[in-house]
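Generate coordinates for the entire structure from the input sequences, incorporating the hints supplied.
2 protein chains.
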Amino acid sequence: MKRNIELVLAYDGSGFKGWQVQPDVRTVQGVLNRKLEKLLAEPIKTMGASRTDSGVHAHDQHVTFKIENAIPLVKLARALNHHLPEDVKLVHALEREEGYCARRSARAKHYVYIIKQGEQKNPFLGRYVWSIERDLDFSAMVAAARCFSGINDFKSLQCVRDFRSRSVVQIFTSRLEENHGHLCFHVVGRSFLYNMVRNMVGALIKVGVGDWNVAQFKMNLFSGDRSQMGVTAPAHGLHLLRVFYDRESYPLDEGKAILNRHFELLD
Amino acid sequence: MKRNIELVLAYDGSGFKGWQVQPDVRTVQGVLNRKLEKLLAEPIKTMGASRTDSGVHAHDQHVTFKIENAIPLVKLARALNHHLPEDVKLVHALEREEGYCARRSARAKHYVYIIKQGEQKNPFLGRYVWSIERDLDFSAMVAAARCFSGINDFKSLQCVRDFRSRSVVQIFTSRLEENHGHLCFHVVGRSFLYNMVRNMVGALIKVGVGDWNVAQFKMNLFSGDRSQMGVTAPAHGLHLLRVFYDRESYPLDEGKAILNRHFELLD
Numbered sequence: 001m002k003r004n005i006e007l008v009l010a011y012d013g014s015g016f017k018g019w020q021v022q023p024d025v026r027t028v029q030g031v032l033n034r035k036l037e038k039l040l041a042e043p044i045k046t047m048g049a050s051r052t053d054s055g056v057h058a059h060d061q062h063v064t065f066k067i068e069n070a071i072p073l074v075k076l077a078r079a080l081n082h083h084l085p086e087d088v089k090l091v092h093a094l095e096r097e098e099g100y101c102a103r104r105s106a107r108a109k110h111y112v113y114i115i116k117q118g119e120q121k122n123p124f125l126g127r128y129v130w131s132i133e134r135d136l137d138f139s140a141m142v143a144a145a146r147c148f149s150g151i152n153d154f155k156s157l158q159c160v161r162d163f164r165s166r167s168v169v170q171i172f173t174s175r176l177e178e179n180h181g182h183l184c185f186h187v188v189g190r191s192f193l194y195n196m197v198r199n200m201v202g203a204l205i206k207v208g209v210g211d212w213n214v215a216q217f218k219m220n221l222f223s224g225d226r227s228q229m230g231v232t233a234p235a236h237g238l239h240l241l242r243v244f245y246d247r248e249s250y251p252l253d254e255g256k257a258i259l260n261r262h263f264e265l266l267d
Numbered sequence: 001m002k003r004n005i006e007l008v009l010a011y012d013g014s015g016f017k018g019w020q021v022q023p024d025v026r027t028v029q030g031v032l033n034r035k036l037e038k039l040l041a042e043p044i045k046t047m048g049a050s051r052t053d054s055g056v057h058a059h060d061q062h063v064t065f066k067i068e069n070a071i072p073l074v075k076l077a078r079a080l081n082h083h084l085p086e087d088v089k090l091v092h093a094l095e096r097e098e099g100y101c102a103r104r105s106a107r108a109k110h111y112v113y114i115i116k117q118g119e120q121k122n123p124f125l126g127r128y129v130w131s132i133e134r135d136l137d138f139s140a141m142v143a144a145a146r147c148f149s150g151i152n153d154f155k156s157l158q159c160v161r162d163f164r165s166r167s168v169v170q171i172f173t174s175r176l177e178e179n180h181g182h183l184c185f186h187v188v189g190r191s192f193l194y195n196m197v198r199n200m201v202g203a204l205i206k207v208g209v210g211d212w213n214v215a216q217f218k219m220n221l222f223s224g225d226r227s228q229m230g231v232t233a234p235a236h237g238l239h240l241l242r243v244f245y246d247r248e249s250y251p252l253d254e255g256k257a258i259l260n261r262h263f264e265l266l267d
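For the record, the sequence lines run as chains A and B. Take the first sequence: its position 79, counting from 1, is numbered 79 in the numbering used here, and each next residue is one higher. Take the second sequence: its position 63, counting from 1, is numbered 63 in the numbering used here, and each next residue is one higher.
It should be emphasised that the hints constitute simulated quantities derived from the structure, not laboratory data. There could be a bad hint or two in this list.
If chains are identical, the list can't say which one is meant, so a pair holds when it fits in one copy or spans any two.
[To be verified] Heads up, simulated BS3-like pairs for lysine-lysine below, C-alpha to C-alpha not over 25 Å straight-line:
{"hint": "1", "residue 1": "LYS256", "residue 2": "LYS121"}
{"hint": "2", "residue 1": "LYS206", "residue 2": "LYS121"}
{"hint": "3", "residue 1": "LYS75", "residue 2": "LYS38"}
Listed below in structure tokens is the structure:
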């Protein structure tokens, strides 16, 4: 029986055309597969918990794959991290039971979308946040953000290129918070439609700039009509913060702690 | 009489071939000059406090230049920040008295060099720190780092390509500290030789890995012989943190606070 390996990866999405392997472009899965196949000398088929888009960052991407090779896990982890490029790093590696799959076993995902209101004066954060120079009505956005919670038909947030028939999705938590001058939209859901979080943020901005009040926002959200819901926010403000496997409660705090560790270099 | 303008810039050095304008390569000064000349429609000659190398970051680079244009400063600042690319940003702009010059008026500069000991698992910091997988003797490095303080002939740290005859330099503070799992070498000096901080770090590493004890380090440091002093540390771990103009004391804390604000996104 093959061994079932799980890796937890963090990556800066700026230099990748997303997670999913594609011919002739640099993707995280493409880079990972190549390194693994070289190290293990066997064909490898990786499965990621989330197919992050081009430019989207991940702090806690989970990946599973099966191997024949008897290499000790610690050795594999060290060699892999040594060979991975600077913008994708192995956080840890685990040996899993048969049947465990990074994508299918996941119970919830926590994304955060980071907005900087006003001029972006920090060149070290420009890759990770969306800067908006217009005034935003923060309290109206907070109220609108709450409307995403629950089990709802989010057809109005479904990308026109997404042909899945089912657009009902369960959102456990949806909350906009201010931290250190950044607006952070935290959302935890069982699953997400294609581009859904970025579409949520585009709609929240319509409330923020005063185009809609919260009642109009709610009406448009449940209209089932994509054309009513504003633009798609850019990819570089979006972060996959945490994937949950084992629990029925999905605290925001764990994701926030991860984000902290990644951005905070000194006290 | 022309107006004398000072800008304070922050930049991520990863995508630049250093500060100084050069034909056919992307430099910070080159980008800045082009944007200023376009906005102000007159030739602009900028002077930077520090000629940071290719790959070196700056959190507090000061730049002065003279203009004829009567544009209000606030308007110039807003337009410039809007047009600058994501990896270089204007922190603030000031109108200065005649004779003030970002380079000649500077009294001290604070650099920090950041070392990550062990595997780098954070892809968001790889561009800003030097990762060393070997074990380092921290307390020996702390002791060695102190030896740089004072007015000394640092010929042993002078790059062979640096043809200045004078290698006597005044270092006000030189201190290695551990913060959040990173070794931070803070150094404040009146001026620095070409590549000097990176050469200091290369020498400290020789102590860290046990090639030299502190007595040998000191002997090599004052030998006047560059070939005795180890390698030059890579550029991407080096940050210009603070330039001092007005005082006779140069507290490390102000620089540390700047670094904090830049790296810390959430609590």
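Alpha-carbon proximity between LYS256 and LYS121, which holds within one copy, between copies, both or neither at 25 Å: Both, since 23 Å and 18 Å are each at most 25 Å.
Please work out whether the CA atoms of LYS75 and LYS38 approach to 25 Å or closer within one copy, between two copies, in both situations, or in neither? within (14 Å within a copy, 55 Å between copies)
If the cut is 25 Å between Cα atoms, do LYS206 and LYS121 qualify within a copy, between copies, both or neither? within (24 Å within a copy, 37 Å between copies)
The structure agrees with every numbered hint stated previously.
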